[in-house]
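Below are the chains, spelled out letter by letter.
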Amino acid sequence: MDDLLSILNGLHPEVDYETEDGLIDSGILDSFDIVTLVTEIQDTFDVTLDASDIVPENFNSAGAIYALIEKKQEEDA
Amino acid sequence: MLFTSYAFLGFLLILFVLYYVLPGKAKIVLLLIASYFFYLSSGLWGGIYIGVTTVTVYVFSLFIGRTLDGSKAFLSSPEGKALSKDEKKLKKDQAKRKATLFMAFCIMINIGILAVVKTLGTMRTDILVPLGISFYTLQSLSYLIDVKRGTEKAEKNILKVALFISFFPLTVQGPISRFSELKDTLFVPHKFEWKNVSYGLTRMLFGYFKKLVIADRLSAGVLTIIADTGIYGGGYAFLLLILYTAELYADFTGGIDIAIGAAEVMGIKVPENFNCPYFSTSLKEYWRRWHITMCNWFKNYVFYPVSISKWMGKIKKFTGSHFGAYMGKRIPVYISSFIVWFLTGIWHGIGWNFITWGLLNFAILMISEELEPLYDRFHKRFSFSNTFGYKVFMMIRTFILICFLNLFDCFSNVGQTFSVMGSVFTGGKYAEAFGGGIFEIGLSRADLLIAGIAIIIVFLVSVFKQKAPVRDRMQNLPMWCRCILIGGLFVAVIVFGTYGIGYDASQFIYNRF
Chain A
1 MDDLLSILNG
11 LHPEVDYETE
21 DGLIDSGILD
31 SFDIVTLVTE
41 IQDTFDVTLD
51 ASDIVPENFN
61 SAGAIYALIE
71 KKQEEDA
Chain B
1001 MLFTSYAFLG
1011 FLLILFVLYY
1021 VLPGKAKIVL
1031 LLIASYFFYL
1041 SSGLWGGIYI
1051 GVTTVTVYVF
1061 SLFIGRTLDG
1071 SKAFLSSPEG
1081 KALSKDEKKL
1091 KKDQAKRKAT
1101 LFMAFCIMIN
1111 IGILAVVKTL
1121 GTMRTDILVP
1131 LGISFYTLQS
1141 LSYLIDVKRG
1151 TEKAEKNILK
1161 VALFISFFPL
1171 TVQGPISRFS
1181 ELKDTLFVPH
1191 KFEWKNVSYG
1201 LTRMLFGYFK
1211 KLVIADRLSA
1221 GVLTIIADTG
1231 IYGGGYAFLL
1241 LILYTAELYA
1251 DFTGGIDIAI
1261 GAAEVMGIKV
1271 PENFNCPYFS
1281 TSLKEYWRRW
1291 HITMCNWFKN
1301 YVFYPVSISK
1311 WMGKIKKFTG
1321 SHFGAYMGKR
1331 IPVYISSFIV
1341 WFLTGIWHGI
1351 GWNFITWGLL
1361 NFAILMISEE
1371 LEPLYDRFHK
1381 RFSFSNTFGY
1391 KVFMMIRTFI
1401 LICFLNLFDC
1411 FSNVGQTFSV
1421 MGSVFTGGKY
1431 AEAFGGGIFE
1441 IGLSRADLLI
1451 AGIAIIIVFL
1461 VSVFKQKAPV
1471 RDRMQNLPMW
1481 CRCILIGGLF
1491 VAVIVFGTYG
1501 IGYDASQFIY
1511 NRF
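Chains as they are written, first to last, in our numbering: chain A, 1 to 77; chain B, 1001 to 1513.
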């Protein structure tokens, strides 16, 4: 989770990722951020994300993003 | 069969009655027969194209589904579980590669047909482009790609796939719907519910109001100005901007209202395609509110796949290491957006006008993105920029920008489009155009008055629906009040609609795309 928070803080340090649950719905993450985030997640966690994974439910909070990463790691195992 | 023809109304009446009379699954078969009847009524040859798309998408989605399911089943078997991690990955990758090949082959067939047909249709006037081919091709490919992604199961019943691709309200101009958005209501037999019928018919009536009272009335003036921009420059060009944008809005949203309403009468839910687009305060927001299903298609099936692809990752790393982290973040989105807007342009039509239109949208959107920090500072510095008045100013500014961009629909010659744009500023003739000339472009005073009042009504409906859906709000009104509103709308369509003897029923503008 620390690695993920580090990536997210690199994008928007002003956001409190512990409590924020509307990263997409509130427009905090735009398409530039999403593309950067996905690329960095793939590099850091050695998982492959598909375009079909890019839905608000998976990216609205740090917890949801981490759950997606865990799911992908399980699939790749 | 045009949505605005008496034949279509007769077809709908028979269909609605039969739909609610027939039992269970027979309703689904009826919908398929009705959809093909509707489709073939626009030309028997069109059936070949939609038939090829249906069969190829059905067969290849089954191949993909079997390949992926077979791989999963093997890996879950004792034999598969005994494999090492690397061997499992290899098996998975092999299955994915095979599925990708099936998908790519099917996409090539269908995009190939679309490209050839549209190119020939542009080059030769004797070749007709099959009804809605741009729309049903995207819709069917979304299903194929979803099966490949594993978010949708390959449907074994070809009749369901055929109905999904040919469902008649959507073939003319969308909304471009995903299989997941339609399957829960399209393949389920619905019992008669007064709410569905009344909501659907009201929506259709409002669609006819927009199409017949506004769009088709204004089209005479639009066509007159387009036909001779030499005479009709300056103030007339300005009139063209406004009239065509009003016509396009009423035509496209009206057609979609008819489509969604017709489906709703039978209890079938179709995704929305608009959300008050002219209330947008920026072009970026406009593209979240206008033709939503097309934008979502390109976002889901082009923008994100390209943006997060491996080769784009390499470009990102290269630009990041050579030009800094900021450019590393921007370049992949720029490239992906460029591809999306280029494809959106040629999807609308094979012509430089549409490509230029797409790339101009791209350029404006990217420049706006770069200027975002400047806008933020401006809004923080000047408090008036957060007022309602300033918001209205931004809406008008965006509206004018869209009016100019829409001009690319009107002329196939890009040079002529820019010339007309320039004429708005330098062509003069404003006194002439607004001093009586406006009544000499095929529009009478009555036409303009009727269209003007109708536009105000449409605007007010858009304002009312900001708080809650208008039809829900109407339910809170007394019965007599609802009767007056719906009856008034009906009478307005009958009395002020542009139809009848001598009227050349025009196809919807978006059906050309």
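These are computed hints drawn from the structure, not numbers from a lab. Each hint should be verified, as a subset may be incorrect.
[Stated by the list, open to error] Residues on chain B that point at chain A, a partial pick, calculated with CB under 10 Å: (1) Y1304; (2) S1307; (3) R1381.
[Claimed, not checked] In silico contact screen, one side only, chain B against chain A (beta carbon under 10 Å); selected entries: (4) K1316; (5) S1336; (6) F1338.
No residue lacks a Cβ here, since even glycine has one placed at the ideal position from N, Cα and C.
Hint check results:
1. Y1304: holds, 4 Å
2. S1307: holds, 4 Å
3. R1381: violated, 19 Å
4. K1316: holds, 6 Å
5. S1336: holds, 7 Å
6. F1338: Hint on B/F1338: violated, closest Cβ of chain A at ~13 Å, above 10 Å.
Checked against the numbered hints above, the structure violates hints 3 and 6; every other hint is satisfied.
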